[in-house]
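In order, the protein sequences belong to chains A and B.
Sequential numbering from 14 applies to the first sequence in my numbering.
Sequential numbering from 322 applies to the second sequence in my numbering.
Derived from the structure by calculation, the hints contain no laboratory data.
Just so you know, these numbers come straight off a predicted model, no measurement behind them.
Using N, Cα and C, we set each Cβ at its ideal position, and we do this for glycine too.
Watch out, some of these pointers could steer you wrong.
[Said to hold, decoys possible] To spell it out: a stretch of chain B is covered by chain A in this simulated footprint if at least three of its residues, at any positions, have a beta carbon under 8 Å from a beta carbon of chain A; those stretches are:
no.	stretch
1	407-414
2	419-432
3	469-483
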Amino acid sequence: MKHMDVSAIKDGSVIDHIDSKSTLKVADILNIQNEEQVVLVGVNLTSKFLGKKGIIKIGGKIIDQQEVNKIALIAPNASVNIIKDYEVVKKFKIAVPDVIEGIVKCFNPNCVSNHHAAGTKFHVINKNPIKLRCHYCERVMNSKDIVLT
Amino acid sequence: MVSFKQRDIISIRHFNREELLYILELTKRMEQSSFSDLLKGKVLASLFFEPSTRTRLSFESAMKRLGGMVIGFAESGVTSVAKGESLRDSVKIIEGYCDILLLRHYLEGSAQLAADVVTVPVINAGDGANQHPTQTFLDLYTIQKTKGALEGLTVGFLGDLKHGRTVHSLAYALSYFDAEMFFISPSSLRMPADCMEELQNRNVKCHETESLTGISKQLDVIYCTRIQKERFADAVEFEKVSGTYRLNKAMLEDIGIKKDLKILHPLPRVDEMDESLDNTDYAVYFNQARNGIPVRKALLAAVLGVIE
């Protein structure tokens, strides 16, 4: 019988193959403290591809596109499974989009986006590791510089 | 076919080699003929939220020499911005009064923001420490004109390479022309890491050093810049690097330079270039400033779609 480190959920979303160190950041993005159904978080689980991985299972929730885009910046190797009645009904790899709007703050204090309610927009110049160029001030941000809004 | 009609001129990064050469070719035509009625009936709104002498006056002169008109302001204190109006609202209102908008602003990315919210073309006349693309066009034109070609030159960038937006943009533009580049600066004013990485990714031969000695004989061009006091938050840090480089004729000839070396500077200068250089064949910085007129005429005409 297959051994499971983290129990199955009946309905909801499973975010798998998270770089283990980023698991709690992904949990923050998903705002799990406000969930009312079961939430399971596993870290340092064995992974063939990552060595150690994290996994988050959220009962009763289908994650939305904006959450997927945010997770892509923190955990570009992650995958998402949508579960219905214990079965995987949809499975996809997180994909980093070419343009990221409204979810990251520019780290340049002199950038117009931090002063004139311009909204934020970044062009992805490298997907793994993540590198973003601000649409406005053209500064390049690495993953360590990324602050989510 | 290259066309600049209704295009925004925001960042040198938005143009490829063919487009850069197109504007340089158009600039040459602007020097050969007056085209004095080309922009008759067109209005340039010149919005300077930060001080400028050369850029503002050369743009206004270029517009008028092509028969166009200029409205605008040279400091924001006289505008509704002083009443708290946002940049977005200001440009949306002013676009109704003009055919083309020229913007200098102290915030980086302000020209891109303006371009995103208005329908008339926007020319960036400098956005903080970010971009000043029309300066780069005139730098390229000056190099092409004085060296005969842009291909395969060895260029030394000297001074404040950390804050110098003209340096970042010109280095990027020269990467299209197989240039070898030396970056000469105090260690605290080196080229930003992301600029260096971008050049290396574009296979540019780049070298960083603190001294001209030892490399001066290889250089076809020196692009000298002022150490920008206004970019330093700490006066002590500025004093540490102020006056690091003072080029003069005797010193350059002593360390050894090519006879046909050309020295450019975006101006204004402080003490980094001695007046003893002014009347030598090396100095092309005053011609460089004058080239602002034909370059900006070419850009205005191309963006307003009145010339091919």
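Cross-check of the supplied hints:
Given as covered by chain A, the stretch 407-414 of chain B passes the check, having 3 residues with a CB less than 8 Å from a CB of that chain where 3 are the minimum. Counting residues of the stretch 419-432 of chain B whose C-beta sits closer than 8 Å to any C-beta of chain A gives 6, which meets the bar of three, so the coverage hint holds. Figure legend: the stretch 469-483 of chain B, annotated as covered by chain A; annotation inconsistent (0 residues with Cβ-Cβ distances under 8 Å, at least 3 required).
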